[in-house]
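Start from the sequences and build out the full structure, keeping to the hints where you can.
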Amino acid sequence: MPLLTFKIQRFDPEKDKEPYMQEFTFEVEKGLTILDCLNYIKENLDATLSYRASCRMGICGSCAMLINDYPRLACETQVLVLGKTLIEIKPLPNYPLVKDLIVDLTPLFAKHRAVKPYVIHPDERQPEKEFIQTNQEQTKYLQFAYCLKCGICLAACPTVATADNFLGPQALAQAYRYNSDTRDNGLKDREKIIDSSYGLWRCHMAGACAEACPKGVDPALAIQLMKKETILGKKKNIAPLALPLVGVEPRPGIPKAPERTVK
Amino acid sequence: MRETLIKQRYRLGTKGWFYAGRYGIERYLYIFHRISGLGIILYLSLHIILTSTRIFGQGIWVASMEMVDKPIFKFGEYLVVAAFIYHALNGLRLFFIELSFFIGKPSRQDYPYTTSVKRQRPFVYLTMIALLCLLVIMSVDFYFI
Ligand code: SF4
Ligand code: FES
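Which chain is which? The protein sequence lines are A and B, in order. Quick note on numbering: the first sequence equals residues 1 to 263 in the working numbering. Quick note on numbering: the second sequence equals residues 1 to 145 in the working numbering.
These are calculated hints, taken from the structure and not from any lab test. Some hints could be false.
Partial list, computed: chain A residues near chain B (C-beta under 10 angstroms) [said to hold, decoys possible]:
1) Leu66
2) Asn68
3) Asp164
4) Ala212
5) Ala222
6) Leu232
7) Gly233
8) Pro250
Ideal placement from N, C-alpha and C gives every residue a C-beta, glycine not left out.
Right, here's the structure in full:
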């Protein structure tokens with residue numbers, strides 16, 4: 001089994017003035033992820049190591065960190081695939097540091113919330129029936145709907161490195177995701193936020209977000225498409241509601257659906 | 001107080017423009033684009049200041065022209081032209097990309113993921129080849145003719 005050295009950034013705001021690097025050396029076997037190795041360190045070598053993770057399968061987005069100078073999900077990165085005997089792990093850049101490998105993702109969530117990341121229905125009423133959306137219509141936004149909110153794209157972006165208030169790739173991609181959804185009619189609402197100098201137009205296509213995103217969300221694509229649509233106008237169908245069923249009798253013995261609880 | 005200190009330390013700042021990890025070529029082109037842009041602005045202001053000395057009379061004009069008639073200024077001028085060519089070509093590329101040419105359409109993502117950045121990369125290489133050709137022509141024109 002290969003012997004690997006892990007250099008991990010440590011910082012405890014209650015004790016330390018500056019972050020420092022701590023080394024751990026142990027044998028790893030094939031198939032272990034960086035997260036497995038961090039768990040091993042915490043269980044066997046140093047219980048004070050702090051990091052964040054929960055699903056260990058690339059779906060919760062909490063284990064993003066800077067691994068050998070590249071932002072990745074610890075649970076989706078196999079140690080031996082990196083092909084190095086020295087593995088350097090640091091917290092994600094461009095976020096306030098909380099402790100060791102944990103950063104404060106509050107800026108990410110605030111920006112996400114700012115773009116109204118939910119379906120805004122054409123009129124005030126709750127729809128009575130489901131929307132009809134074709135596969136092709138769904139493909140226009142599905143890719144962007146896979147975002148985990150892991151924050152990797154903001155760590156990779158050179159504009160975020162100097163502009164705190166830039167909305168950033170994650171939020172802009174989500175704005176595009178909902179603007180392209182045929183069930184949504186919130187384009188005007190979102191335009192006020194994204195069509196601004198710290199929104200859409202601060203992106204200069206460095207492309208790092210698209211390359212680093214662990215889910216293939218490609219925020220750069222969403223942003224460029226949105227720039228074009230902001231200049232030339234966006235055409236989109238609004239999804240029709242399904243027609244009410246007529247002449248359908250429920251089979252005997254099937255109970256009636258309960259009354260709706262949300263008015 | 002403590003919190004803001006930590007915050008400032010962890011935003012990469014301008015350092016993040018230059019080196020932030022092993023990203024694709026476009027992230028570095030972005031930085032070059034900024035630097036070349038700033039260089040051109042700096043040149044423009046120097047140029048305006050220098051040529052405006054003409055209003056103080058022939059003598060001062062000749063003196064200031066002599067001041068800049070040195071190899072180092074000639075090299076500076078060379079850099080400005082190079083920066084200009086780069087800025088113009090890369091700007092043209094960005095113009096097309098930002099209007100969504102060459103970056104593809106949203107699609108269902110399967111491993112291994114493809115991205116808009118990869119799809120437009122041939123265009124980057126093309127731009128770089130054009131840049132190289134223009135730089136060679138410009139250098140010959142600058143120093144040998
Ligand atoms: S777009 Fe990708 S990198 Fe950015 S937060 Fe979402 S999943 Fe993470
Ligand atoms: S632990 Fe959930 S994404 Fe890595």
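Using 10 angstroms as the Cβ threshold, decide whether Leu66/A counts as touching chain B. With a closest approach of 7 angstroms, the Leu66/A hint holds.
Using 10 angstroms as the Cβ threshold, decide whether Asp164/A counts as touching chain B. holds (7 angstroms)
For the hint on Pro250/A, does the least C-beta distance to chain B fall short of 10 angstroms? violated (36 angstroms)
Given a cut of 10 angstroms on the nearest C-beta pair, is the interface hint for Gly233/A held or broken against chain B? Result: violated, 13 angstroms to nearest chain B Cβ.
Interface restraint verdict for Leu232/A against chain B (beta-carbon cut-off 10 angstroms): With Cβ-Cβ at 8 angstroms, under 10 angstroms, it holds.
At a threshold of 10 angstroms, is the proposed contact between Ala212/A and chain B supported by beta-carbon distances? holds (7 angstroms)
Are Ala222/A and chain B close enough, Cβ to Cβ, to be under 10 angstroms, as the hint says? Since chain B brings a Cβ to about 8 angstroms from Ala222/A, closer than 10 angstroms, the hint holds.
Closer than 10 angstroms between Cβ atoms is the bar; does Asn68/A clear it against chain B? Give me holds or violated. Check passed: Cβ of Asn68/A comes within 8 angstroms of chain B, closer than 10 angstroms.
Checked against the numbered hints above, the structure violates hints 7, 8; every other hint is satisfied.
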